[in-house]
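Student: Given next are the chains, with one letter for each unit.
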Amino acid sequence: MTATCRAARVLLVAFEDQDNLGVRYLASFLRKHGHEATIVTFGNSGPVIEAAARIDPDIIGFSLIFQYMVPEFRDAIAELRASGARGHVTVGGHYASFEPAALLAAIPDLDSVVRFEGEETLLDLATAIITGDDWRSVAGIAFRGERDVAVTAPRQGTRSLDDYPWPDRHDIRYEEQEIPMASILGSRGCPWQCSFCSIITFYAGNGTKGRRRRDPIDVVDEMEHLHRDRGVEILLWQDDDFLGGGRDAIRWAHTVASESVKRGLHHSLRWKISCRSDEAKVSSLAPLVEAGLTHVYLGVESGDASDLRHLNKLFPPDVHFRAGEALRQLDLSLDFGFMLLQPWSTLQSVRNNIDFLRRFAGDGYAGAPFCRMLPYVGTAAETRLRDEGRLFEHDLLADYLFLDPRLDVFYSWMLETFTCRNFDDGNTLSWLCRLTFDSHLDLPHRPASPTFRAAVQAVTGANNRTAFDILESGLDYVERTSKPAPDDDFLQMLKEIYHDHDSRTRSDIDSLRAMADRAIAASECGTDTLACAV
Amino acid sequence: MPNIHRTNRQFPGGAQIGATNENIPSTAGLPVNNLSTDLDFFLPNPADPAHPLHYRFLFWNVCGTISNDAHHGSGTVPSSDTVATAWYVPVGPGDGGAAIVTYAFWVEHDAVVSDTPILSVNPAAAWSGGNNTVVSSTAGTGPRAITARDTVASITNANFDHWFPLGAGNATDAVLTVLQGGSTWALALYQHHDGGGARKPDKTTKPGPIQIPDPGPLDRSRMIDVLKKAQAQSSTDRLAQVLKKDQSSISDDDLRAVAVEMKANINRQQAALDLVNANLAKK
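In order, the protein sequence lines correspond to chains A and B. Residue numbers for the first sequence follow the working numbering, beginning at 1 and rising by one. Residue numbers for the second sequence follow the working numbering, beginning at 1001 and rising by one.
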């Protein structure tokens, strides 16, 4: 900021379940340059309007993570304007970056879109607005031009991540959490080119490619600050692939781990990371375990060889089994992403995926998710579907039909049957995953209980296996029936059976939660039912 | 800003019934007044389309306040996410037995737990003790005085608050009194006293990774259609339904469904057996 201009007042609005590091990096960057930044969580327009009335912001920046939230953002921004807010309204995020014209058309009160990484762009925008310069000349934005949407030059050569200050977390009340848990980022970007993912194209839009890692010592400084000054006990690494980038990346991760151990953080700080199956090896993970790693999110995505080729994962299904073995050997808890269906699925690939899930998670070591690939903007899969003339859009959401119409029936039935398990708010699977995470967590004041862990695995296994049985029965049905429909009696019966089973799993989950609350290390078993066993 | 998670659920298991499933943004400390729901609720019955499934309203749990007026559910919004649940019971032929059925209801978790809430009953002959939740209306003589336990094992950090009879009976402090021969259901409400209200079920005091599947499965474009459809649950198991059918009308799909349901039960039994064996091996 120059000496001649005042500080800009920036209000950042974001959905925040875990710490939203995206807007928290923006806030710290703005503050570093002398501006004022306030973050408000987006739930509805009320708090945003209230904050805008209090702050009178020069800029109101919305972070759009989920494309389906566009109508809610549109309404909130309209209410904001109606309440008298005069500031410049902008939106950033993946969807906004790739589809600024669609977003500007959908949100009439929007002034601009910040495309790709936003730190420098938002800073320049703030500076231009308070100095009265032409903000339309700021690089990295889109706005309504006289005739059409104008897109300014993309930014190139983003600076080293070490130039950014740590994310602004001053308003997060970790002390109120039972076990304080913070998000942290050691890198940005990903070296891989999976066809369903837009990470690589997002960062390419900002003139970078691959994965940029922070100085590992600075990373550990931040970890130490969070642990010693803020009381954080669990770190959720938000790096898209914590081990991605070959030997250099492994060395980087091991440096973070060894420095963390050297400073004694491993005694009472635990980690969760995400990585690919071909990176989840004992030799790579063991030093991280010593430093506190307890949980890994594995990008499994598919267990069918042809699916994996369509997804451009660049390895065969066996790699997943080896990763699963490595995690079990290291006693790490696990959850994973899995797309049972993708646009080029066949009945056989779905069957192979169900078989894979049985082998991979039939023992209940992890809750088994399954969903369908969504064609997100900026992905190779979306481009391919568009090229094949199979992509159609409604309400800003892209969709497709399967090549085999029986799979559309199967998918509609699957969605209806397993919404309570996989998809809706507070779904059964999320509980099983949380309990799995919990059961592996071993902190000085909260030692892990092998009995609790066995009980969680038993409940998870029973639920997984029944889900797989029902998926397989549904698939058999659509295969043997000439014109199957989701409402066919047999499919509805399968749905009822699963819902009944799900209710029992929910009851087991209540028992497990009570067991965890009581910290009982031994269950009392006297009967032959799972409900009593847990 | 807390959200109120509004659903209809089947008592006592908690399965959602119907398509109502919404989050209502609310303001902490403000009252929620006059939530209204249907006294009777009907859903399509896939097993017997001519006879829709019929549910009868039992009670509201609005932000931790229990009431039995279907058209005036009210409560006060706490500082964190909470629930507004209309609890229903399936209407169907009962066994006609004279009994008082009790349930321990965990208000904050908006759920029935399996523990008995009963500490003692007078006359003693009316209750068989242990974890039995049913009190006979005919054994012994005189009114049944049912005293509630202050705490039960499955409910942590909460104590007995009051009885909420869903039919006959009067409650004074921890004692519910029902006349001899009377049949009723009664909730024993267990509640924290921290003013927290009912928590939204997906919020836990336990930490855990907030799962963001890869890619996010919230398939809105189709999910919305799904949620619009009514969902039905059977009240008897598949085998019982098949056995009631005319033998000549039993189809291959009927038998396949029985097999799937049996396999689901076997999965649970197998998991239980594995767990029991694991525990025995440690002893």
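Be aware that one or more of the hints could be misleading.
[Unchecked claim] Below, a list of computed lysine to aspartate or glutamate pairs in the EDC-like style, where the Cα atoms sit at most 20 Å apart:
#: 1; chain 1: B; residue 1: K1263; chain 2: A; residue 2: E472
#: 2; chain 1: B; residue 1: K1245; chain 2: A; residue 2: D488
#: 3; chain 1: B; residue 1: K1263; chain 2: A; residue 2: D500
#: 4; chain 1: A; residue 1: K483; chain 2: B; residue 2: D1253
#: 5; chain 1: A; residue 1: K483; chain 2: B; residue 2: D1150
#: 6; chain 1: B; residue 1: K1244; chain 2: A; residue 2: D489
[Said to hold, decoys possible] To list a few chain B residues with every Cβ distance to chain A over 12 Å, as calculated:
#: 7; residue: T1007
#: 8; residue: A1099
#: 9; residue: A1125
#: 10; residue: G1167
#: 11; residue: T1177
#: 12; residue: Q1180
#: 13; residue: A1272
#: 14; residue: N1279
#: 15; residue: K1282
If you are wondering where the hints come from, they were derived from the structure by calculation, not from laboratory data. Even glycine gets a Cβ: it sits at the ideal position worked out from N, Cα and C.
Student: Next, verify each hint and record whether it holds.
Tutor: Hint check:
1. In summary, the hint linking B:K1263 to A:E472 is supported, as the alpha carbons are separated by about 12 Å, within the 20 Å threshold.
2. Of the pairs offered as hints, the one joining B:K1245 and A:D488 holds, with about 19 Å between alpha carbons and a cut-off of 20 Å not exceeded.
3. For the suggested pair B:K1263 and A:D500, the alpha carbons sit about 13 Å apart, so the restraint of at most 20 Å is met.
4. For the hint pairing A:K483 with B:D1253, the CA-to-CA distance comes to about 15 Å; that is within 20 Å, so the pair holds.
5. This hinted pair does not check out: A:K483 and B:D1150 have alpha carbons roughly 58 Å apart, beyond 20 Å.
6. Between B:K1244 and A:D489 the alpha-carbon distance is near 17 Å, which keeps this suggested pair within the 20 Å criterion.
7. Annotated as non-interface, B:T1007 brings its C-beta within 12 Å of a C-beta of chain A; the closest such distance is 10 Å.
8. Listed as a non-interface residue, B:A1099 keeps its Cβ farther than 12 Å from every Cβ of chain A; the least gap is roughly 23 Å.
9. At roughly 26 Å from the closest C-beta of chain A, the C-beta of B:A1125 stays outside 12 Å, upholding its exclusion from the interface.
10. The beta carbon of B:G1167 sits about 25 Å from the closest Cβ of chain A, which is more than 12 Å, so the claim that it is off the interface holds.
11. With a cut of 12 Å on Cβ distances, B:T1177 stays outside the contact zone with chain A, its closest approach being about 30 Å.
12. The beta carbon of B:Q1180 sits about 33 Å from the closest Cβ of chain A, which is more than 12 Å, so the claim that it is off the interface holds.
13. Interface exclusion of B:A1272 from chain A breaks down, the closest Cβ pair being 4 Å apart, not more than 12 Å.
14. With a least CB separation of 6 Å from chain A, B:N1279 falls inside the 12 Å interface cut-off, contrary to its annotation.
15. Look at B:K1282: its CB is around 8 Å from the nearest CB on chain A, not clear of 12 Å, so calling it non-interface is violated.
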